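> Here is how the chains run, residue by residue.
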Amino acid sequence: MDLANFFIQLLNSVQYGLLLFLLAAGLTLIFGIMGVVNLAHGSFYMLGAYMAYALTGAWDNLALAILAGTLISISLGWLLEKLLFRHFYHRSHLDQVLLTFGLIYIFEELRSMLWGDDVHSVGVPAVLDWSIQLTDTLSYPAYRLFMLAICTALALGLWLLISKTKLGMRIRAGAFNSDMAQTLGINIVRLHSLVFAMGVALAALAGMLIAPLSSVYPHMGSQVLIMCFVVVVIGGIGSVRGALTAALLVGLVDTFGKVLLPQFASMLVYVLMALVLLYKPEGLFKQ
Amino acid sequence: MSAPQGHLETLPRSVQVLLGLGLIALLAFPLAGQDFYTQMVTRMMILAIFAMSLDLLQGITGLVSLGHAAFFGVAGYVLAFLSPADAGASWLTSLPLAVLASALLALVIGFFVVRTQGIYFIMVTMAFAQMVYFLFFDNKALGGSDGLYVNVRPAALGLDFENKQVLYFFTLACLVLTYAFLRRLLWSPFGRTLNGIRLNEHRTQALGYASFSYKLTAFTLAGALAGLAGYLWAAQSGYVNPELMGFHMSAHAIMMVILGGMGNVAGALIGAFGFELFLHFFKDLPKVGEFDLGKHWQLWMGSLIVLVVVVAPQGLMGMLRPRRSQDD
Amino acid sequence: MTEPLLKASSLSKRFGGLLAVNGVSLSLFKDQLHAVIGPNGAGKTTLTHLLSGDIPATSGELWLKGQAVTGWPHHRLSLHGLGRSYQKTNVFLPLTVWENLMLAAQAKDALVPYNPLSWFSRADRNLNVLERAERALELSGLVASKSKTAAILSHGIQRQLEIAMVLATVPDVLLLDEPLAGMGAAEAETMVALLKALKKDHAMLLVEHDMDAVFALADVLTVMVNGTVIASGTPEEIRSDAKVQAAYLGEATP
Amino acid sequence: MANRRQLLTSTAAIAGAACSGVWFPALAQNSKLRIGLMLPYTGTFTQLGVAIDNGFRMALQEAGGKVGGREVEFFKVDDESEPSKGVENANKLVQRDKVDVLIGTVHSGVQMGIHKVARETGVLNIIPNAGMHAATRALCAPNVFRTSFTNGQPTQALGKVMVEKGHKKAVWITWKYAAGDEAGESFKESYVAAGGTIVKELGLPFPNVEFQALLTEIASIKPDAVACFFSGGGAAKFIRDYAAAGLKGKIPLYGSGFLTEGLLDDELAPSAQGIMTTLHYSASLATKRNDAFRLAYAKTYKMQPDVFAVQGYDAGLLLLQGAKAVNGDLSNKKALYAAMESAVIDSPRGKWTMSKAHNPVQDMYLRVVEGKENKVLGVAAKALSDSGVGCKLG
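Residue numbers (the numbering used here), protein chains in the order written: chain A, 1 to 287; chain B, 1 to 328; chain C, 1 to 254; chain D, 1 to 394.
Read the hints as simulated data drawn from the structure, not as lab findings.
In silico DSS-like links for lysine-lysine, alpha-carbon gap of 27 Å or less: (1) B:Lys140 x D:Lys200; (2) D:Lys351 x D:Lys372; (3) D:Lys302 x B:Lys287; (4) B:Lys140 x D:Lys392; (5) D:Lys85 x B:Lys295; (6) D:Lys76 x B:Lys283; (7) D:Lys85 x D:Lys98; (8) B:Lys283 x D:Lys98; (9) B:Lys140 x D:Lys85; (10) B:Lys295 x D:Lys66; (11) B:Lys283 x D:Lys32; (12) B:Lys295 x D:Lys32; (13) D:Lys372 x D:Lys160; (14) D:Lys299 x B:Lys287; (15) B:Lys164 x D:Lys98; (16) D:Lys333 x B:Lys164; (17) B:Lys287 x D:Lys66; (18) B:Lys287 x D:Lys76; (19) D:Lys299 x B:Lys295; (20) B:Lys295 x D:Lys98; (21) B:Lys283 x D:Lys85; (22) C:Lys30 x C:Lys200; (23) B:Lys164 x D:Lys76; (24) A:Lys286 x C:Lys88; (25) D:Lys188 x B:Lys140.
Values in this document were obtained by computation on a predicted structure and should not be read as measured data.
Just need the whole structure built from these sequences, with the hints factored in.
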């Protein structure tokens, strides 16, 4: 592996890491900050991807589709929080596991009834449909560079929101001690619906943004689910900075694992997770 | 489940009667049932043993393992490895070896995972189970992604598992023994201490109990019992594959235990039978006019699970237990 | 004086920048109650945690019944006769009083967990465990609420249960962290009587704010301020010690 | 299942249903032929399951809905592509519904479960897709026939083609699981035999679809060509990433036909132009038989058939021929199997016959993606038969 190749692989690992952060961002809110074990996170990601496919099919404009899709997923998140999740904040993690496992079944079937079971692809918007020549044989798709920018912006935005803004402070207070936050005049009920809706929207947004890169197919959510939990847990539950660091770390291990240690590639990420949890039982950046 | 249940060892009358009747039904069942249903009920009993083994961890010790299927699958693979191509291995030797293999694996993994707490325990058990899953999935020598056959089912002491009735009653005996052992455990000093660890680990240590070795023992014991269930599954189906130790199987076990109602082992038993019966029921729903109900079994199953967790926080067992006033 | 049951020398605990306990040395002797007083944040509770092994000391040594026990984990010290109660009630709330006591009483000669005998024997049929639990029940005056669930007991009775559970482990050394906190006058009175009775054949350390109880019970008094011992001696010596008065009892009394 | 009355009634109900379900094969002649369909109706391979189901039913409809002169009754089981339930679901059809023939399935892991039951109960099993080698090699059985392919068959034809096109140094890439390994084995055999050398074999964990790292490796190795095995969503993504990485123009991509089969929609086609694959079928196969089949299928099901529909259709044709030879009495196993072994299937993919190990001996077509079609360039391998090594049949 010569130097140029190494740097390209490094770029690949950073790009995959940021992609993983985008995927796990919604989970850092719902699972990380609100403490709800949300196994249905993968289903929201899948719904986002299918919405991108359906809406670009109708309007042939990804940006518009993403806008509409985000609004739809925010209302879906808000509705789910109101109907179901509101009653589960003080329930044990096991109840949340059971609830969200049931939701996986429901969303998988709704997707099959609404959009069928075929494999689809979503077009890259024309303005981004070009590549930069890296080496004589390899070029780098602009859409992935665009994704690099989007994910970095999202990471920065989420970190700023959570740790620097008043709303962020209220969210953290609510998560840390919701009863105390309530007595200080924070409307916890509205805050929880807002944060939950944001979490669902982020998961769906990830689905819509990544759709042009990944194709759209049944059960795509379940393949992503475990990796999102790995990222959030390694980073330290509730820490946005932790999730970003962990995502980059997993991106590194996965990318170079495939190239250098192919026969152990599939186990490396889990070895990393076990090592982190045994060395720092609360993750890298425990609050 | 919201407020931790204190009394695990006492079972309400209605549940005891239900279990008694259930046992009689299971004893009589093979005489009436056709081969397929005998095998179906055998499978339910195997899953019940698996669920009870997880309940020892989840309901009694308060350790939620999302990787319990690793020990279930490994025992099945041990039987596959020990089975010669054209003859049945003797279960007299292969069963203990399989259970021992699962116990050893549980001891090794337990030594690492038992020191973590809460959510991190859930996640680290999942990580180790995925490692075991990929170890078998990626290695041709261990059967690879398509798995291995148990060519001829084990037999010993005149009990040949090729005969469905024999395996049915052998599994029933294992079910009853496992249930009795775990129920008895609840009354033992070991069981009481595990219960204490679940309710308040810090004070349990303050009283003089080395909670680490208690939790490790419970984890190993649960791994061994899961191995028993995994061995029987492999003996019954004759085919083992990596999915037996996959994430889905571990989540399935957690579902059965929560659905049934945690802690007193009977909940896990009822949860296992209930979960499987509902699964079969929804899948065999007929075609009503143009709308094939059976095809959308995932919708009905998902809705049922959500309904149970919203309506019955204590699981199915909660519904059987009369609303007890606090100071019983 | 005979060998101290519990001896600590220059125990310290640093939390990052804060030196919560700074080089504290003290000894507890049989049939003697050693009270530790001081303003809030003086490090009294942290000291009890260092002695009981709840938290590891940054430096310093510990001897229990003549044996060096520095760095021993919490449960091992407890098994060797060092019982402790907690400032914030720390019992098994969903269990009844009797079940709490049985679990405490069972610890003394519990088999190792991986010994199958401990899986099969009946916990509630072990005679000396029953006897220990019964004794603790009577001593702490909880016979009336024996089968009540701990969660629904009044705060005072829960504090009594806290002490009863320590007694059920039949310790030689007793560390009591504000046993009278939040108790009504009557309950406090019975508790002081109980503690006085316990002084016989136990070495006791009492952390308490209730000065009447302290001066009624203490054989030796130690005053801590900001993590260090500023004075130690008989109650009379402490009462007249200038340093104590300046730091703790407000203006010097005439 | 909440209370004891409900648990007991349902257990009794099952027992009762079981007794009434008892049925005597002796009355086979006039009663309906029981056909079991065990296919993925949910999960990642649903699209394939539905295509096979459609193709199979269409074959029977075209023959007047009768098999060997007998009315037909269908029994469906959703196998969810879940290997751990393979044996259980197969037994549901064989032991509970007492089917005469079991058509199934797609996923190799589930096929292992079916194969176990087929070998133990002797039920006639026609495999419409799963390409696992064992079923028609070491573990072949007289009552098991396959109308699709062995995992290695398509790539067996690929080696010679690539060498003929002047690609002496190639990279092989696929998922590390059974189907990928088996496809890789036979590609290596054929490619090396034809004089090519495999510069590197790349593999990634199944079902990981993050190809970027390995595409970078390929770009740095600069082989003459790349050969691969991918299918479904992963295949679509591989094509997009391969094109997006600029490799499309520079390093020609070859693969087993499943890389492009049924995936060439408006979004993906541009990235797939020029990809050459070998498969035993193509939608643009210009034969009257194929056109008639495609027209009938489009009319009946309002969608375009793919190779999986053809494999389901051929399963129907095979069953029809076998049953006709024993005029419906499937219990006459010897004559039935003899007829099926010697059957000549007039399939939309072209006529094919059954090998000794009960796997199709069929032409492998070389196809290239032009527009939204896999245009047929010619026959890459004439009447290609799987080695069937280790099979003691015939």
